[in-house]
Amino acid sequence: MEGSGHIVLSILAGILQIVMLPLMAPLVTGIIRKIKALLQNREGASVLQPYRDIGKLFRKDEVINPDASWVFRFTPYLLFSTTVVAGISVPLITTIRIFGFTGDFLTLVYTLALGVFFLALAGMDTGSSFGGFGSSREMTVAALSEGGIVFSILTLAIAARTTNLSSIAAAVELLPLPSLIPVILAFSGFLIAMLAETGRFPFDNPATHLELTMIHEAMILEYSGRKLALIEWASSIRLVLFISLGVNLFFPWGLASSVTFPLLAVSTVLYLFKVLLFCFLIAGIETGMAKLRFFRLPDLLFTSFILSAIAIGLMV
Amino acid sequence: MPALGTIDFWVFIIPAWFIAGAVVSLLLTRYDHAANLAGGLFAITGAAAGILFAVSILMSGTIASISMPTSFPWLSVSFRVDSLSAFFVLIISLLVLLCSVYALPYVKHYYGKYNIGLLGFMYNIFIAGMIMVVTADNGIFFLIVWEIMSLASYFLVIFERDNPEHIRAGSVYFIMTHTGTAFILLAFLLLYRTTGSFDFAVIKNSASAIPPLVKNTVFLLALVGFGTKAGIIPFHTWLPSAHPSAPSHVSALMSGVMIKTGVFMLMRLFLDIMAPSPGWWGLVIVALGAVSALLGVLYALSEHDIKKLLAYHSIENIGIIFLGLGSALFFLSIGDEAVAALCLVAALYHTFNHAVFKGLLFLGAGTVISETHTRSLEEYGGLIKYMPQTAFLFLTGSLAISAMPPLNGFISEWLTFQALFSGIQLRSAFVRGVFTLAAGSLALTGGLAAACFVKVFGTTFLARPRSHAVSHASEPKLSMRAAMAVLALLTVLLGLFAGPVVSILSKVAAELGGFAGRALAPPADVWSLGLRDGFANISMPVVFALLTGGTAVVFFAVRAVFQKGRTVTCRTWDCGADLSPRMEITATGFSRSIIMIFKGILKPTQQTDTEYNDASMRYFPKTSVVTLKNANIYETYFYRPLVNTITRISGYFKKIQSGSINAYVLYIFLTLIGLLVVYVMRGM
Amino acid sequence: MLFIVLLTAPLGAAVASLFVRKSTAVLEWLTLLASAVYLTAASGITYAVVVRGTSGEGADFSADALVAILIMIIAVVGSAAAWYSTGYLREEVRKQIIGFSRIKQYYILFNLFLMVMFLAVITTSPIIMWIAIEGTTLSTAFLISFYNKPSAMEAAWKYLIINSVGLLLGLFGTLLFFIPLLRSGDSNGLITWQMLLDSAGTGNPLIAKVAFLFLLTGYGTKMGLAPMHTWLPDAHSKAPVPVSSLLSGVLLNVAFFGILRFKAVTDRAVGQAFADNLLMFFGLFSVVVAAFIIFIQKNYKRLLAYSSIEHMGIMALGFGFGGAGPFAALLQMIYHALAKSVLFFSAGNILLKYSSTKTDKVRGVISALPVSGTVFLIGFVVIAGIPPSGIFLTEVSIFSAGILSSPVVAVAALFAVVLVAVGFLRIVASLLFGKKPDSLPGGEAGLRTIIPMIAVLSILICFGFFIPGPLRSLIRAAAGGR
Amino acid sequence: MAGQYFEYQFFIEMLILTSSIFMHLVRKNSSIVVLYMVQSFLVVLLLVLSSIHRLSAALLAVIVLTFLVKVVIAPVFFFGLIKKNRLKFSVSTYLNVPVTLVVLTALVAVAHSHFFTSFTAIITRGPDTLFLCIASILISFFLIINRKGALSQMIGVLSLENSIVAFASMAGLEQTPGLQLGIVFDILVWTVIAVVFVSMIYRQYGSLDVTAMRHLKE
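Same order as they appear, the protein sequences are chains A, B, C and D.
In terms of the numbering used here, the first sequence opens at residue 475 and continues consecutively.
In terms of the numbering used here, the second sequence opens at residue 801 and continues consecutively.
In terms of the numbering used here, the third sequence opens at residue 30 and continues consecutively.
In terms of the numbering used here, the fourth sequence opens at residue 63 and continues consecutively.
No lab work stands behind these hints: they were computed from the structure.
Calculated lysine-lysine pairs in the PhoX-like style (CA-CA distance at most 20 Å, straight line): (1) Lys387/C x Lys279/D; (2) Lys90/D x Lys146/D; (3) Lys327/C x Lys1454/B; (4) Lys1454/B x Lys279/D; (5) Lys327/C x Lys279/D; (6) Lys178/C x Lys133/C; (7) Lys1455/B x Lys327/C; (8) Lys1454/B x Lys387/C.
Some but not every residue of chain C turned toward chain D, in silico, with C-beta under 7 Å: (9) Ile160; (10) Glu163; (11) Leu167; (12) Met182; (13) Glu183; (14) Leu197; (15) Leu200; (16) Phe201; (17) Leu204.
For every residue, glycine included, the Cβ atom is placed at its ideal position computed from N, Cα and C.
Construct the entire structure; sequences and hints are all you get.
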């Protein structure tokens, strides 16, 4: 009886693991927008607005440049799928490895990179000036931020003696107090790199279409209709994916260590709460900070890298 | 001579077959087509035999060897093929097979212009040289075949000898590789001084008697010598100019396998013959690897010549191989054989992978070049519409080299990362620092490589044509596409079946590291691949399935749910002006931001040429050309001063030949007096 | 008998040529006939040496293994050069550079030159050897000034004076070697090498040392050891090409032969180390000087001359290092003689085509002269010691002898040799490749300028891969019993 | 050994050395040829002295021939050359007279220094003669270095040869007559060739100044 309940719960957790991120992603985006609006003394749109946007885009006709090749048409699907596949690896509510074969953090980073690779190609595919420089900037930032992401998670991996994300989360929870200093350092590194990876302030402005400042938006300028919808959705999943990584790797307290219903319920609530806090953090940063000039970004990214490297040095 | 049909016989017959092919090709030199066919068919059959031979050695685990004495006492024609040699024979044969298939139609455009018989001769000699290099068992014999390989490749580099640029590239190549050989010779001579033999087996048996100072000197000499061939920074300067000068299928071989022979010999020497080694050897190699990987990719980014760019990526990938190799040496020195096995597997795996995807990319580049007659990225564009299959294959190669899952580049890079992570967990702060920086360099390298290949693929195949060069491009001959397709398939298979590959490589590594028989290899089966004590595990089939399946599901789901969407084809809004190719981003423009970020390392020089409509009123420029180049700091701060110093010294020596007969007689006089003073004084 | 034939064949050709009027063909036939004769005679003598260990004729002439090697070198390179001369000079006549009287003078001196070289190696008397080597200077002086241009005069004059001075020092050294014999009262009659060897231990070692110093300086001048080498590039670059090939490939070896003979005596008198160190010093200095000058050389004939200096230096090193060195050095002597003549022949064809020895005036030789260009390239590979050439093996074995006895010298020489290859390649690449001038018609001059070259090249390549047993034992005997 | 003539030999050798030194000091080409003639004559005298007790017809023939070649034929050639081309004065030297003298003194000192003391073993009585020969060799050698004229260089080489012959005869190192004949013949041919060359050089360059021949420098 306990066995069958366990299995049922496991399947449930597995499904949750797969669908939770895609489903809640637009909401998180909406929440951040809302908080930002409130902080900026605006009323802002509803937190559900992103769902409506995506839905509307899905139903719209699309326009495609005749110069575009199959790369342009194929990219949104691949991007969406890589983001979702990457999301499966992230521990959301439990430290148990639900899918035993996934969860390696390098795989996660590189799977996400695959999406970016194609997105950058798609940006160049239509031959417009915007798309090209958007790709260039995106790849520049992505190349530099990859080190920060890898290293900040590596700090934890070394402490945990594993590169599996769920196991890292489980191990970090048990770390002695002195080890928290490197964890905090690594988190600062992670935060910077994550903002870059998800195209937030001070790296990119997700809400702009000004040619001088945009990176991500420039690449996808040619997209419309359902392809745009997929891309928008994927980027919001990407954001919540990184938020989840941040909250569950660096602050894993409350993650369910076994598959029982009460534990799962508590950890789900805790997880959502942590994500909400993180949303406040991001919104705060975006409100309090100006976007940096492009050539100032590398300094910040190298800072992230160095912070994580120091953290590794401190972690024995 | 071993009996016909035994495995030892094949050791001898495979190189002999290539040499026969070389001779036949040369004899047919008057008939271009026959020479091409002969050279190609001999290479293809020889390579097929080589694959079978290598696989049978790898599978059976036997060691094939033959040795024939020669007229010279210290020289014997000795071959010995253990699993490491067999592994390299396999890589070489595999790439040779595909490149030769590719070359059959490719070489046609040289008909009538250059000597095809000679090409076939040099090509087959080159292959025979490579095969013999990885199977030689005597130092002098090794040096001979090593130089044969270098010489043949030199002639292949200058094959299009009317172009002064190729001649210059060839000269630099020859000079550097010959100097490198001198370092190798010196290393062997030192070993000979202490062990009294040039035979690898003898040296290995008395390796423990070599004094540390000699051993360390040999290490440094061999590192310089073989590092030059491998193209490790700072000895790489020949590589970016030499590889592009050769015909593309040869470039593929040079980049894909020839430079690996340097890696092979480093493995052979340090892990096998001279083992055990002190820890700092490994750290030096790791550091060199880290520097080469990062700088290689940065130089590649600032390059617009497609073949040069690929050549720079070879430097990068050799750096990655060095990371694995160096870590293996280091872990062996501290006695951690299990991790050493992992590191070696990473190095070997990446060696294989790089051969496959670099071969693919060079063949692809060769196709593009032969269709457009230019090597400049700035003149391509939109080729995906003229040659969709080539584009797809090239994209596969690009993804593989950028370490994108689920292709093969990812898995070896993943293994290398894991190797470095093991180093980071060590106790010594210094060692940890080295490994941390190396891992950082690798992480950065991966990202930059992806950026670079976005640039290459984007500017070459996507968007609109940038020049007329593209307009007459079309798909190449079937066999050329087939060769590339097989390589592309291999990038997938090598990624998908990482588990079985790793278990084979583990055997090679175990034999090489001297810990055969102990189960130290990373546990691997068809489905997954894990590291000791569960540090990490990965399942490539699942990653593959998820990515392909996921994409398919998304695609069909979206199709199914939103059927109503209409797709309109319409030009991009162009603000009223015609969209022209000049509005597309250029290769230079694409990488400019990265170059500027790393300007401390790359030292870019920018040159702007502006032409105005009106001489007096400089408000409306007609054209403006920005040229972004990297200062060649090795040239400026090392090679150029070196050459200048030698030239200056030569100037002093030249003054001996002053032209004055009185001075000449005076030399004789002074020599005589000087000798008398020295010797008669000493005799007293 | 064979010894007499060896000397009379070229002498006869020279004398007979004196009486030839107006017919170039007769001159050519005389020389070619002589070459066939002395080639046969030399082979006969070598065969006798291989079979019996030595061969001799009366008290005056004898041949041991070393002599056999040298007469074979002289005969082979000499007859190839004779053959090549016929083609080369015809071509020059066609270009109206020279006339009949010149040709006649050429063949007379050419044959005399060969005769005195044969004499120098087969005689049993050191003094006759001296006279014969002086004879080489005299017979080649006018060959070097053959074109009667100011620069050729300059080269010839320098050649004459420097070599005369050197050889007089050699004479003085030779005479000093006789002192022990004098003490033993055995001064009547012809003094032979054997007598010198027998008496070597009896004299004052200091005198033996001084004698060898004079001798080494003197014969070293002729051999082209730095810093006494100064005449060599001038003479080689100004002489007609076949003569250059003989100077470089043969004459230097004959001078080295003299030094080796006396070294054997000195070794017995004062021990090996003395002469070994001297040879090492001069050898290294020659290699280094040649290497650096080759690095900035701009004239391909001078380049070949400096390369000869380098190789003489390496051979000296080989004998200085001991161990496996002498064997390898003698083998290298053979390789070098063959390779250098091949290189000079092909350089001659280039010169005929382009009329310039300056490297910046010559481009695209491979296109203009496919055969000569290729041969030049192969010659370069051989002479630069790049595998699979035999010189690579001999050099490696010299270095491996050196790394055991004097590592520093060996390492220095190794890098100098690399520098030579580098400098050589720069010139080879600029000569052979690239586009040939459009105004230049392609095609070789004629078979007579090609066949000798190919013939020597084939011998060279065969020996590079396989050394026949008799030759090997010959070299071994020569190296051991020096 | 010709011991009884030791004083004469010493005296003659002294004169030979003096003639070598004077070759450095004279300016006129004809004077240097005369000096060479004198020196050759002295050498012949020395040969006669050293072999007087075993004088044979063959030896006499050699001596006569040597006399003919060195004292008669060679100078005749040289005078003819000088006359034909009106080469009265030789070209200058590198070192001026005082410095030359200093160098010569040094060379004589070197010859007498302990470098060559072992040569005392050759002649037990009166090694000084041998040292004079060596001094003469070195001084003749230096003549070739110091002089810029082709003719002077030629004489220098011949003088060097004279000094060596003198040394050989002093030390009792004469060879068989046949060999000596060979050497003399060699010298004769050499002289002829050198004279031809000198006149050719004069034709090509308009002077005998060897410093004009400095084109081959690479």
